[in-house]
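One letter stands for each residue in the lines below.
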Amino acid sequence: MELKKQKSTTRVGDGVVNMRKKSSRNGLTAVVLGFLVFSMIGLAYASEPLYRIFCQVTGYGGTTRIAVFDNKGLVAKNSITVRFDANVNKLLPWRFKPMQNKITLRPGEQAIAFYEATNVSDKPIVGTAVFNVAPFKVGEYFNKIECFCFTEQILLPGQTVQMPVTFFVDSSIAEDRNTKEVSTITLSYTFYASDDQSEVENLSRTSLEIKKSVDSLRRTQIIQPG
Amino acid sequence: MSNITHDHHDHRPSGWKRWAYSTNHKDIGTMYLVLSMFAAIIGGAASMLMRAELHEPGIQFITDPQFYNVLVTAHGFIMVFFVVMPALIGGFGNWFIPLMIGTPDMAFPRMNNVSFWLVAAALILLVIAGFIDGGAGTGWTVYPPLSSADYHPGMAVDFGILALHLAGASSILGAINFITTIINMRAPGMTFHRMPLFIWAMLLTAFLLLLAIPVLAGALTMLLTDRNFGTAFFAPDGGGDPVLWQHLFWFFGHPEVYIMILPAFGIISEIVSTFSKKPIFGYLGMAYAMTSIGVVGFVVWAHHMYTMGFNVETRAYFTLATMVIAVPTGIKIFSWLATMWGGSIKFDTPMLYSMGFIFLFVVGGVTGVTLANAGVDMAFHDTYFVVAHFHYVLSISALFSMYAGFYYWFGKMSGKRYPEWLGRLQFWVTFVGVNLLFFPQHFAGMAGMPRRIIDYPDAYAGWNMISSWGAYISAVGGILFFVVLYKTLTSNVKAEANEWGVGATTLEWTVDSPAPFHTHEVTPNIIPEPAE
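If you read the sequences in order, they're chains E and A.
Per the working numbering, the first sequence starts with residue 1, numbered consecutively.
Per the working numbering, the second sequence starts with residue 1, numbered consecutively.
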């Protein structure tokens, strides 16, 4: 650098004053920088909900849309095959499978598919399903009208339920140059145990109350004939 | 001349307390450099083991493939966090920021001490991570699900995470210290636009650290709770997404590669200017090229993840943004060359290493532009082409800048002059070694050889053998470096206060060699040059 050596000027008194002023300014700078660090950590954590919202808005990562069926009378020419995939978190003692392997439909047509879940444990459990479609890029065209994944599911011990999903593929999928070649879409669900199992307690409380009332009814019935 | 001797108040604590309790920027800088050399031996040994294993097809002597994965991981982490960063930032930064801006010490000397000991503790944790429960074989990217409790059930990955937490905390504290020092404590007259480029580089590096490391810390904490406390940030079967890890990691990871190379830019700028005996060409352009590299570096991270299923528009954006970085980088290369142009160049070892740096950085930059293309990267992703690219552009480039800085400043640090012929020999051995080591990996990669795998098909045998021989030659270069170090420390040749002559104009050359324990107690006054 072009920093020429200069005659250094000695001003000891000024130096001390400057040092004091400087050290409080240093403290302020450090506090501001520390704040920056904590806001970046905050941002890292905020990225989790932000990422989810971003996916829901843009259909990223194969995030599907929620929609009311409205095909505006448009149905695409070429049909698309929708395949069904089911997974269960290893900590959730459920069996979960699609009841059909695939459905072929034309974009713009509404369809209904069923999944079947069985609770193989001896406890009622609340489960939640996460979902996406592959290839990821069709997420914004895959619309669900009604789905078991919109709400938490509660299964009693040994209970088997059949769960519907009604959906349609937006007919404009055939007009997007990025997606018009897609002929197969895989819809995938993964069930895991919900963090919030409070419904189970409510349920057992309700079932206890039902039992009590049934018992008392029985008792009344027993009394009545007598 | 302002070579003021400070011997009369050069008192300092003695024995181990001098080092363990040190608040002196030079002693802390020295400790960082020693730590870096020590870690380089471990990280270098890991790479030699890998190259020896890959010398021939088939499995030679590493019987457990997981151990090979552990070596890959340990090599990456140690080289990034415990060799390059401590040397370039902690070592040269601590030593020369106060000397070059004309202040007695860092803003927070005690925090400086904490920074060093945190990184020392982190190194111990990381080495432990390599040896317990089968070791952490995740690669330095620690992608889940490989790094999840399902595939790395032991404590190794947890140790690695905590090691990175400590190293990250150390870097953040160091960065706060550097920024505060540079912003508030410059000598009167040294405006931002008159700071040496090394100071610019360190200031920008510190800002990148401050913005990037907390994101890594957050992501690592999420991974830690995923592994141990049942959260599911990155587990898809719990509602999470492993791709989120990739985004967070590379949001840190891409600035991280600039954290490693910006200080190198600073060192090379100083050396090229000194040995060409000219001020740097296009000073402001150089400073703002680094600034724009730092800024744009935060919006290109997804070029590390082209294959994870982005749509074509996203890939087009990241391709374009990545290529934009070639513009400021080109400005820097051009300015270095223009500085040398017409200069009366002295080809001493620091200058040889600087020119070596420029060559290596250009080679790595060209393959970087190649890989920036999402379409091309689909084929090259996770091949040795990528390995060759990033070793050229940041590993051996950073190594060359470290060697360059060492030869440039060791006289100032030790007061002894290194033997020039041995330095030049060390340069040529290293230069031949690293090129022989990494250039053939381009060809192996283009032929499809995948990274991070212990074995390979016979078709790749030729390039791998050449590459391994290059590694052995580089290792000889590394050993020669320690010979130079020993020879210099035991030699009787004193280094002058300004051993490089008229080209060396920054403030560190105005103090004695070795730099006294306390320097710039009288603030140097830098009066602006008269307008031209």
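Please keep in mind that the hints were generated in silico from the structure rather than gathered at the bench.
Given the structure is predicted, the values throughout are model-derived calculations rather than measurements.
The beta carbon of each residue, even a glycine, is placed where N, CA and C say it ideally should be.
Careful, some of the hints might be misleading.
Under 10 Å between C-beta atoms, here's a sample of chain E residues computed to sit facing chain A [what the hints assert, rightly or not]: (1) Y51; (2) R177; (3) N178; (4) V182.
Dumping the calculated SDA-like pairs for lysine to any residue here, alpha-carbon to alpha-carbon at most 20 Å [as the list claims (entries may be wrong)]: (5) K97(E) <-> S491(A); (6) K180(E) <-> D237(A); (7) K90(E) <-> P242(A); (8) K90(E) <-> G309(A); (9) K90(E) <-> G230(A); (10) K90(E) <-> Y151(A); (11) K90(E) <-> G154(A); (12) K90(E) <-> F229(A); (13) K90(E) <-> E48(E); (14) K180(E) <-> G309(A); (15) K90(E) <-> T314(A); (16) K97(E) <-> Y151(A); (17) K90(E) <-> A149(A); (18) K90(E) <-> G238(A); (19) K90(E) <-> G239(A).
Right, here's what the structure says about each hint:
| no. | hint | result |
| --- | --- | --- |
| 1 | Y51 | holds, 5 Å |
| 2 | R177 | holds, 9 Å |
| 3 | N178 | holds, 6 Å |
| 4 | V182 | violated, 12 Å |
| 5 | K97(E) <-> S491(A) | violated, 77 Å |
| 6 | K180(E) <-> D237(A) | violated, 30 Å |
| 7 | K90(E) <-> P242(A) | holds, 17 Å |
| 8 | K90(E) <-> G309(A) | violated, 26 Å |
| 9 | K90(E) <-> G230(A) | holds, 13 Å |
| 10 | K90(E) <-> Y151(A) | holds, 14 Å |
| 11 | K90(E) <-> G154(A) | holds, 19 Å |
| 12 | K90(E) <-> F229(A) | holds, 16 Å |
| 13 | K90(E) <-> E48(E) | violated, 23 Å |
| 14 | K180(E) <-> G309(A) | holds, 17 Å |
| 15 | K90(E) <-> T314(A) | violated, 34 Å |
| 16 | K97(E) <-> Y151(A) | violated, 26 Å |
| 17 | K90(E) <-> A149(A) | holds, 13 Å |
| 18 | K90(E) <-> G238(A) | holds, 10 Å |
| 19 | K90(E) <-> G239(A) | holds, 13 Å |
Violated hints, in rising order: 4, 5, 6, 8, 13, 15 and 16; the structure is consistent with all others.
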